[in-house]
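**Student:** Sequences and hints are given; from them, build the entire structure.
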Amino acid sequence: MRKLTLKMHFNYNKPVFTFLVVLAFFVSYGFFYKTTNSAKALPLETPRLQEGETYLHHLAYGFVYNETHEQAKWIAYCLTKKEASGIIERSDNFEEDPLVKSGTATDGDYAKSGYDRGHLAPAADMRWSIQSMEESFYYSNMSPQLPAFNRGIWKKLEEKVRDWAVALDSILIVTGPILSPNLPTIGANKVSIPAYYFKAVVDFKGPKSKGIAFVFPNQGSKLPLMEFAISINELEKLTNIDFFYQIEDKLESTVESTVCKTCWP
DNA sequence: CTGACCGCC
DNA sequence: GGCGGTCAG
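Just add 111 to the spot in the first sequence (first one is 1) and you have my numbering.
These are calculated hints, taken from the structure and not from any lab test.
Do not take every clue at face value.
[Claimed, not checked] Lysine-lysine pairs mimicking PhoX-like chemistry, simulated, CA-CA at most 25 Å apart:
{"hint": "1", "residue 1": "K372", "residue 2": "K192"}
{"hint": "2", "residue 1": "K193", "residue 2": "K319"}
{"hint": "3", "residue 1": "K301", "residue 2": "K212"}
{"hint": "4", "residue 1": "K212", "residue 2": "K267"}
{"hint": "5", "residue 1": "K271", "residue 2": "K193"}
{"hint": "6", "residue 1": "K333", "residue 2": "K271"}
{"hint": "7", "residue 1": "K192", "residue 2": "K333"}
{"hint": "8", "residue 1": "K372", "residue 2": "K333"}
{"hint": "9", "residue 1": "K301", "residue 2": "K193"}
{"hint": "10", "residue 1": "K316", "residue 2": "K192"}
{"hint": "11", "residue 1": "K193", "residue 2": "K316"}
{"hint": "12", "residue 1": "K223", "residue 2": "K192"}
{"hint": "13", "residue 1": "K319", "residue 2": "K372"}
{"hint": "14", "residue 1": "K316", "residue 2": "K372"}
{"hint": "15", "residue 1": "K192", "residue 2": "K266"}
{"hint": "16", "residue 1": "K266", "residue 2": "K333"}
{"hint": "17", "residue 1": "K271", "residue 2": "K223"}
{"hint": "18", "residue 1": "K192", "residue 2": "K267"}
{"hint": "19", "residue 1": "K372", "residue 2": "K267"}
{"hint": "20", "residue 1": "K271", "residue 2": "K192"}
{"hint": "21", "residue 1": "K271", "residue 2": "K316"}
{"hint": "22", "residue 1": "K193", "residue 2": "K223"}
{"hint": "23", "residue 1": "K319", "residue 2": "K223"}
[Said to hold, decoys possible] The following label-pair restraints were derived from C-beta to C-beta distances:
{"hint": "24", "residue 1": "K223", "residue 2": "E345", "range": "31 to 39 Å"}
{"hint": "25", "residue 1": "A278", "residue 2": "S224", "range": "23 to 31 Å"}
{"hint": "26", "residue 1": "T296", "residue 2": "K192", "range": "22 to 30 Å"}
{"hint": "27", "residue 1": "S332", "residue 2": "T157", "range": "15 to 23 Å"}
{"hint": "28", "residue 1": "L336", "residue 2": "K212", "range": "34 to 42 Å"}
{"hint": "29", "residue 1": "T157", "residue 2": "N351", "range": "36 to 44 Å"}
{"hint": "30", "residue 1": "L336", "residue 2": "D218", "range": "29 to 37 Å"}
{"hint": "31", "residue 1": "S320", "residue 2": "P295", "range": "36 to 44 Å"}
{"hint": "32", "residue 1": "E200", "residue 2": "N351", "range": "35 to 43 Å"}
{"hint": "33", "residue 1": "S332", "residue 2": "K192", "range": "37 to 45 Å"}
{"hint": "34", "residue 1": "S213", "residue 2": "S332", "range": "33 to 41 Å"}
{"hint": "35", "residue 1": "S364", "residue 2": "S213", "range": "21 to 29 Å"}
{"hint": "36", "residue 1": "P376", "residue 2": "K223", "range": "26 to 34 Å"}
Every residue gets a Cβ at the ideal spot worked out from N, C-alpha and C, and that includes glycine.
**Tutor:** Here it is, written out as structure tokens:
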């Protein structure tokens, strides 16, 4: 009798059940698509490398790791409007990067050092997938930043750049420390403490391509962001890195040689 | 002031 | 998870 009741119950609800299964499928598919199907071609091909450097890439970004300074020399990725609008929560799970076979910095290097584990590629730019979020917490993406810098003007720039990704649909971003010999270090792995950081942003679409770069000292500042803006050419002289030689032909020379501060609201 | 992000312990 | 710094609105 009980079995019959259950059977009738099931039969009675079968259309509802079927509907729920189909609904669940589409909801999960939508979630899966939105959060994981954003794999993208990296903006840069294999770059020129110096001694002690390796070029690697994760799903979300490519980077050159510098073994001497125990951190990335630069990190590059394209950020789209859709990605900048991601919903994945911050993981806060710092890990050594499995791709860097020579080893990265560790928890111990930064602990009680007085320096923040500052993201080069911001966690908030990686909210479009669980994997990209986790990648942003690899120590290959960390650099010792003074808290007043990381939580202040550096964060302000990151938020501005995210706004640009949304407003312009997609942009190319290159970020890094300015590494030089004999920097002070933290931890047993001797992670260099950079004196300056840079960020270059290129809007590479259409006839109105434009580029802008920023260089900040590793310290807090109350000055407006645009006080730190320079052209990409100037940044390349400063860092001695030719960032965009692979796509130079696609960029108008003015993208690198000039900076239009009012073109980037 | 609140919320968003950046972190620390 | 609780707490604090910094900034925008």
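**Student:** Which earlier hints turn out false for this structure, listed by number in ascending order?
**Tutor:** 4, 7, 9, 12, 17, 22, 23, 25, 26, 27, 29, 33, 35 and 36
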